[in-house]
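Enquirer: Given next are the chains, with one letter for each unit.
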Amino acid sequence: MVAKHSLSRRTLLGGTAALGLAALPFGTARAAGKMTVGVIYVGPKDDYGYNQAHAQGAAALKGMAGIEVVEEENVRETNDVQKTMESMINLDGASLLLPTSFGYFDPHVLIEAKKNPTVQFRHCGGLWTEANPKNAGSYFGYIAQGQYLNGVVAAHATKSKKLGFVAAKPIPQVLNNINGFILGARSVDPSITCQVIFTGEWSLAVKEAEATNALIDGGADVITCHVDSPKVTVETAARRGAFVCGYHADQSALAKDKYLTGAEWDWAPIYKGFVADMQAGKAPPNFLRGGLADGFVKMSAYGPGVSEAARKNADAVKAEMMKGGFAIIKGPLSDNTGKQIAPAGKAYAENAIELESTNYLVEGVRGSA
Amino acid sequence: MVADTAHPDLDSAGSPSPALQVRAWIARRTEAVAIPLGAVATGFALFSLFLIALGKSPAGFLDLIYRGGFGSPFALQNSLQRAAPLLFAALCVALPARLGLVVIGGEGAIVLGGVAAAAIAPALAGLPPVLGIPAMALCAALAGAAWIGAVGALRAYRGVNETIASLLMSYIAIALSNHLIEGLLRDPSSLNKPSTRAIAEAFRVGPMPGMKVHWGLGFGVLACVAAWVLTERTTLGFAARIAGGNVRAAQIQGLPVGRLIVGFTALGGALAALAGFFEVTAVHGNANASLVAGYGYTGILVAFLARQNPLAIVPVAFLLGGIEASGGLIQRRMQLPDATVLVLEGLLFVLVLMSETLYGRYKVFSPHLWTRTRAAAPVMAVAS
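The listed protein sequences correspond, in order, to chains C and Y.
Position one of the first sequence corresponds to residue 1 (this note's numbering), numbered consecutively onward.
Position one of the second sequence corresponds to residue 1001 (this note's numbering), numbered consecutively onward.
Careful: at least some of the hints might be erroneous.
Computed footprint of chain C on chain Y; a stretch qualifies when at least three of its residues, placed anywhere within it, have a C-beta under 8 Å from a C-beta of chain C [as the list claims (entries may be wrong)]: (1) 1171 to 1183; (2) 1225 to 1231; (3) 1283 to 1297.
Partner residues are not named here, just some residues of chain C that face chain Y (Cβ under 10 Å, in silico) [stated by the list, open to error]: (4) 35; (5) 38; (6) 64; (7) 67; (8) 95; (9) 126; (10) 174; (11) 188; (12) 286; (13) 300; (14) 351; (15) 359; (16) 363.
It is worth saying that the hints were derived from the structure and are not from the lab.
Just so you know, these numbers come straight off a predicted model, no measurement behind them.
Where a beta carbon is used, it is the ideal one built from N, C-alpha and C, also for glycine.
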C-alpha cells in the first residue's frame, strides 16, 4: 500500500516521537496495568444515531477499573483516520482501537494494523478475512431483526397500510433493513406496502427531511429510516403527525408519543467482552457477528401508541428470534419486480452469507435499489 | 514627497536612493504580513475568551495545538500530510481570484479528479508507471479543468455568477461521481462501500523520500510556486490582474478577458483535481465516497487567509493542517467537541476578511513615509 519500503524509518520516527512525548508531563500518565481503548467516530458523538450508539458502548467502558477511553469524533475516512489511530497509539498508548465507520477498514485499518502489530484493531462493519492482519478484526450485528420487529409494530399502528422508509444508499446492509421492515409488517397484514426513498448520502439532513415529507404526502403514516443520524427524519415525521420507528439509537425523546419502538445497537456488552479478552491476555475474536439473541441488538421500549395486540405480537416474534436462527428471508418470496428470490422451503437464517450481498427489495416495497 | 534635487537622499533624477527604496519595499511587505498576523492573533485572543467561557485553559489549548501540530516529528508529518490537499484546493480559489472571481466549488473538481483518475487507470494497465501515473494525473486534471473552466465560461460568456455556479456545479460533480462509483465504475466486490476497481499497485504513488507524507505535498508546493510565477512574473498574470482590477479597462486595452477567465478557472480546476488524484493513488487506492472530505471548502479558507497569494498558501495550509492535526488531541485531552476547531477556523476567517479594510490605513506602513527625505521625520500615527 502506501510506502512499504520506508517502514523501518517510519517506525523509527514514530518511536522517537513516542519516546520524546513519553518524557513530557502529559496529564494522563500511563500507569502500569492500565489499558487504553481508542474509539473513533465518523460523525458527532451525539447524533441520536450510529455514532451515538457506539459512544454509548464506549461510555460503558469508562466505569471499568483500569480502563482509559480516548475518543475522537468527526474523523474523515481519509489519511486523517490513519493519523488519529497513530496518535492514539503513540501519544495515548492505546492497545485496543475501535474505528467504528465502515469506510475506515480498507485501506486505513489494514495499513495501521500491519504497522502496529502489538495493537489490536476491531472494526465495525468490515468483513475481516484470514488474509487480513491477525491483529485486526471486524464485528457487526444482524439489526435487520430489529427492523422486522419495527415492521410488526408498525403494521398494527398504520391506518393507511402504507409505510415509509428513508434510506441512505442501496447497499446490502440497508436493503436487508428495508426488507426486514416490510416483511415484519406483511407478516401481520400482507396488504401493507412500503415506499422507500434513497437520499444517496449517509448524512444529508435536507434530503432526509424532503424524503420524509414526500413519504407522508404520499400517504405513509409510519416512518422509519437507515441513515447515520435519524434525528431529522424522526423529528420531521413526528411533527407531521406520523408514527416513527427508531433506528441505531433511542430517539423516543425526539418523537414523544409518536415513537412506537426502535431497532438499537447495544455495543456495551460487545466492547466489554473485547476488553475482558485483552485483560485476560488474549486477543478479541477476529470475526464477530450476532443479533438480538446474542445481545448485539436491542429494541427501544414501546411507546404509548403501541396497542396491546401489537405488543403481544411483537413479543412473540422476539421470543422466537431469541432462540436463534430466525429467518427473515424465506420462500416462497419474490422481489418487487416479480423475480423469485427464494423458492418455497428455502430460508436464509440471520447469519446466512448470502445476506451480505443482498441486491434486491422484496415484494411490497415500492422503489428500486 | 519633497522634491529637493539637492538633497543627499535623492539621486540626480529626483528618485529616492536605493536605500530608501528598500525601506519602502520593507514597509509594504511588513504591512502585508503584519495585518494578517494581527488578525490571526486577534482571532486567537477572541477564541481564548470563548475557551475561558467554557471553563477551559487557553494556554493548555495553545500547548495542545503546538504538540499536536508542530511539536514532534510525528506531529509535523501529520500537519504536512493534511496540508497537501489544501495546497491544491486553495489554488483553485486563488488563481481565479486574480481576475476578481470568487470560485468556491473546488470540492467538486477534487472529487471528479479522483474519479477520473480511477476510471482511466484500468485502461492504462500495462504501461510503465512512469507513463501511467502522469497519464492518470492528466486525466484527472482535464476533468477538473473542464468542470471549473465551464464555470469560468459561464461567467465570461453568459454573465452567470461564478460563486453560485461553482457551488452548484460542485453538487452536480459529487452526484455524478456517486452515480459512476455506484454504477458504471463499481467494483462488484465492493458490497457495502461502493468503490471503483482498485488501482494497480504499480500505479500507486508512495511517500516522499525520508517522510511519511505522500508526493502530493511536494507537487502541491511546486504548484504554488508555479502559480506565483504565473501571476506575478508573467505578462499573462499581469493581464489577469488588470482584468481583475477593471474589466472595462482591460477590454479597452484589447486584453482577451474571456479567454483569461476560462484559462485561469480551468487551471484552478485542474490543480484541485490533482488533490483528488493524489487521494486516489496515494491514499485510497480506488475512488469512493470518502473522496468527499471537505478539502475544497477548507481550501477556500486557506486561500482567503493567504490573501490569494499563491506563495502564502504554503505556510497557511501548513498552519491549518496543524490546527486540524491537533484537533484530535484537543478532543481527547480537553474533552472539547470537534466543533471547537471549527469555531477557531471560523473566527480566523472572519477576522482576516475584516482586516482587508485596514490596508493603507496605517501610516507606519506607507512607502511614502519611508521615501520621504530626512527633513520630514517619520510620524508614527494611525490615519483617522
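Enquirer: Mind listing which of the numbered hints don't hold for this structure, in increasing order?
Expert: Those not satisfied are hints 2, 4, 6, 7, 8, 11, 12, 13, 14 and 16.
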